[in-house]
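From first to last, the protein sequence lines stand for chains W and B. For the first sequence, position 201 (counting from the first letter as 1) is numbered 495 according to my numbering, and the numbering increases by one without interruption. For the second sequence, position 164 (counting from the first letter as 1) is numbered 458 according to my numbering, and the numbering increases by one without interruption.
Misleading hints may appear alongside valid ones.
Treat identical chains as interchangeable: a pair holds within one or across any two.
In silico lysine to aspartate or glutamate, EDC-like type, Cα no more than 20 Å apart, as pairs [claimed, not checked]:
#1 522 <-> 645
#2 416 <-> 576
#3 680 <-> 692
#4 350 <-> 506
#5 680 <-> 758
#6 574 <-> 464
#7 555 <-> 330
#8 350 <-> 464
#9 383 <-> 330
#10 707 <-> 649
#11 708 <-> 506
#12 678 <-> 758
#13 337 <-> 464
#14 350 <-> 534
#15 440 <-> 464
#16 333 <-> 464
#17 619 <-> 345
#18 650 <-> 757
#19 414 <-> 366
#20 446 <-> 403
#21 453 <-> 573
#22 337 <-> 518
Calculated from the structure, these hints are not laboratory results.
Protein chains: 2
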Amino acid sequence: MKKNIFVLSTFEMIITFLFLLIVINNSQSQGNSSKEYSKIAEKFVRVALQDQQGYKLLEDLCKIGHRLTGSENSLKSIIWAKKTMEDFKLDRIRLQKVMVPKWVRGNVEKATIIQSKYYKGKELHVAALCPSISSNGIAGEALEVKSFDELKANSKKAKGKIIFFNRPMDPGNTNTFYAYGSAVNQRAQGAVEAAKVGGIGVIVRSVTTKHDNNPHVGSMGYVDSVIKIPAVSIGLIDADFLSEAITREPGLKLKINLNCKTYPDVESYNIIAEITGTEKPDEVIVFGGHFDSWDKGVGAHDDGAGCIQALEILTLFQRLEIKPKRTIRCVFFMNEENGLQGGIEYGRYADTAGEKHIAAIESDRGAATPRGFTIQSETATLEKIKSWLPYLQKALIEWVQPGGTGSDISPIKKCKAFFGYVPDAQRYFDFHHSDNDVFSAVHVREFELGSAAMAILVYLINEEGL
Amino acid sequence: MKKNIFVLSTFEMIITFLFLLIVINNSQSQGNSSKEYSKIAEKFVRVALQDQQGYKLLEDLCKIGHRLTGSENSLKSIIWAKKTMEDFKLDRIRLQKVMVPKWVRGNVEKATIIQSKYYKGKELHVAALCPSISSNGIAGEALEVKSFDELKANSKKAKGKIIFFNRPMDPGNTNTFYAYGSAVNQRAQGAVEAAKVGGIGVIVRSVTTKHDNNPHVGSMGYVDSVIKIPAVSIGLIDADFLSEAITREPGLKLKINLNCKTYPDVESYNIIAEITGTEKPDEVIVFGGHFDSWDKGVGAHDDGAGCIQALEILTLFQRLEIKPKRTIRCVFFMNEENGLQGGIEYGRYADTAGEKHIAAIESDRGAATPRGFTIQSETATLEKIKSWLPYLQKALIEWVQPGGTGSDISPIKKCKAFFGYVPDAQRYFDFHHSDNDVFSAVHVREFELGSAAMAILVYLINEEGL
């Protein structure tokens, strides 16, 4: 008799029953973990917002002052950080030695109009870029340009002049990081390009859309083959003034006075703490920000906030009494702003220490309300992370998408996925690298939601792997 | 012969050809309009961010001061608004008369500890709620409660006392409007509930999570059947102080001094301007905020920003030289805070004027970076609007979802869809109804993105209908 396909043998029935059991069980455990994840995500958010612990730590840190790489203040802050980690009784607290540049701003920082019918004696609000040489009181006419092309086209006029790079950061772009990137070459390579055509000094419009008079500083480069000339940034109000003044009186003469100086490299440190995994201690989820700042403001947003958020991920796990099965590690990277020596050193360690880095997360875009995460990974990993959006949304994360992640984690070669934490960035460049970057510019709820957003991400990676 | 189904008659061929033509044409125009919409959305964003026109208008408005319903300042602001609309040469500029309540804070506003071993003479930072009666120097012991239930449970102790409602706004909830809603009954109905059990006055913890000492004011209610008692709000620092003081010394006595007063209703106005539609002038897309504010701060976020964003939608259409086919109308609603008379009057007009309101949009959640739109509409309309997300995202709108929209537009009965503009709200209640709500608390880029987000929405509704 031909077997009826709807009549099952006992064996088949048992197999089918077991299969159904597995399916039901799986879907239940899926359901449970989904609910469980939601609950834990909500807890991370609630505890962060209620305790405000990280915010208070950031306040303490900011009271020490700026954390310019190689400065005495930077060392004081490192000691504070290590002690803070010890007070939390975290695991394997370490200082990882790195040699870093040491540049000191000095106490003279002036640009003065010294020859003019209308403006003689007017002082402009400028600040040395790093590692500018001192100025030796250079003086000359100012030549305003908006781009390197314009400079080249006017190269005959440039000799002996102070080159004034005055291209604004585009205010019309909602992607402020893109707008910043499109203007910052004036600051980064302006001194080299100016020197190539005979310029004797450089004044760069601050890369910001905030219309005040605080210069926004930052790093710039020299190359061996081109003579070094001094370089300063200028606040937007004075940049606009200078532009108008030059238009009115093309021959006016400026003098720049700086006594900044570069010293031999000094010893500094990455600061590292973790909660060692209970089941897979060799699998590492690393997260951090850069601990160095500029010496204008105190680096509250850039990147004190990112460091303290990373530390708070660990203390949120403690407060929720979650013992991670994988190692979760916080790194305060040294010297992102002018050398990346900390990132490079940690990358070297990560790729050779016999551990397996599965994820690296960076927070270095300020402390405003969460918007998303950028990710560098294989597509399957990206899709997995996208499926976690319902949990991440508890901390107001709206999206995960491919994109650049972070400088400090970029030297790590062996790592499954890199993440950049992306908060709202409409006001970030108001503060960035300037006297505006102070603790009072950080909002407690917005800051704490960043800690919670990353803690949820770390929790999910720890639970699910990548 | 049976007709081969693949052999078409001439007539059928012509029909097929015409059909294909329509399909191709449609898909082309779809493709074109999609690109066109993207380009126009980007333009709205760019022009808003570059010009900062609305932001400058908001600054002018805020210089006039607060706009409490019925106040002289409010009338000055109405004149400014009408003149501003006229300067832009908008269509059909109108003042729509409404009778509104008039309540005046007076010049005495004190709560003093008058009997205490430790704190005698200490003055607390309080502000009258509206329309509180004057206090006639009431004095009594303070009884702290966290809820109406707790008050009822302690009703025997309440007689002759000043009831101190001290339940905090929940800081652990990311939905700050929900947290506000969960605490605000103490302010709204506290005086009635307190009077019912014999209380002689009310002090309410400010409904905010901002830990400073500015009282956050707002409306409260009396009912005819219950005796009216004076009511004030108190800043969080003094609320915490008072709670500690009462715990330490339960019998301490307070005196409240207020000379606020309610006057007969006065005449005020909604202010309306539009760009009349070229093809369907009777189809109206209305948008606005409320023009009245409290008399603490100047109502920069609440809701000067919403009004000026609405006005800027019209001027963005002008600047982009888009002549809408439907009528697009901006309304500055009067008296949302303590009566909604402007909203009610406009609703009456909208439902009876022989026009067809197809969409009503309200901006009354502050001027931070855009996050989404809440919508009240049929499902098909909601789905249509969701399909516009790629264009709305140009202004950083991440989602559209069902939800409550706005008080001022709620009296309109005949309207296809209602929209609430939802910016980030983590810091909104820092400012709300307090001296913190000043122009400097509004960020230019965040504000302008709100104008752009709503302009894109209005543009799409105008083009596509609902």
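Checked hints:
{"no.": "1", "hint": "522 <-> 645", "result": "neither (37 Å within a copy, 73 Å between copies)"}
{"no.": "2", "hint": "416 <-> 576", "result": "neither (61 Å within a copy, 60 Å between copies)"}
{"no.": "3", "hint": "680 <-> 692", "result": "both (10 Å within a copy, 15 Å between copies)"}
{"no.": "4", "hint": "350 <-> 506", "result": "between (28 Å within a copy, 16 Å between copies)"}
{"no.": "5", "hint": "680 <-> 758", "result": "within (13 Å within a copy, 32 Å between copies)"}
{"no.": "6", "hint": "574 <-> 464", "result": "neither (47 Å within a copy, 38 Å between copies)"}
{"no.": "7", "hint": "555 <-> 330", "result": "neither (56 Å within a copy, 54 Å between copies)"}
{"no.": "8", "hint": "350 <-> 464", "result": "between (35 Å within a copy, 19 Å between copies)"}
{"no.": "9", "hint": "383 <-> 330", "result": "neither (27 Å within a copy, 58 Å between copies)"}
{"no.": "10", "hint": "707 <-> 649", "result": "within (13 Å within a copy, 65 Å between copies)"}
{"no.": "11", "hint": "708 <-> 506", "result": "neither (44 Å within a copy, 48 Å between copies)"}
{"no.": "12", "hint": "678 <-> 758", "result": "within (10 Å within a copy, 37 Å between copies)"}
{"no.": "13", "hint": "337 <-> 464", "result": "between (40 Å within a copy, 14 Å between copies)"}
{"no.": "14", "hint": "350 <-> 534", "result": "between (38 Å within a copy, 19 Å between copies)"}
{"no.": "15", "hint": "440 <-> 464", "result": "within (12 Å within a copy, 50 Å between copies)"}
{"no.": "16", "hint": "333 <-> 464", "result": "between (42 Å within a copy, 18 Å between copies)"}
{"no.": "17", "hint": "619 <-> 345", "result": "neither (25 Å within a copy, 53 Å between copies)"}
{"no.": "18", "hint": "650 <-> 757", "result": "within (16 Å within a copy, 55 Å between copies)"}
{"no.": "19", "hint": "414 <-> 366", "result": "neither (38 Å within a copy, 48 Å between copies)"}
{"no.": "20", "hint": "446 <-> 403", "result": "neither (28 Å within a copy, 67 Å between copies)"}
{"no.": "21", "hint": "453 <-> 573", "result": "neither (66 Å within a copy, 62 Å between copies)"}
{"no.": "22", "hint": "337 <-> 518", "result": "neither (54 Å within a copy, 44 Å between copies)"}
Against the hints set out earlier in the document, violations occur for numbers 1, 2, 6, 7, 9, 11, 17, 19, 20, 21 and 22.
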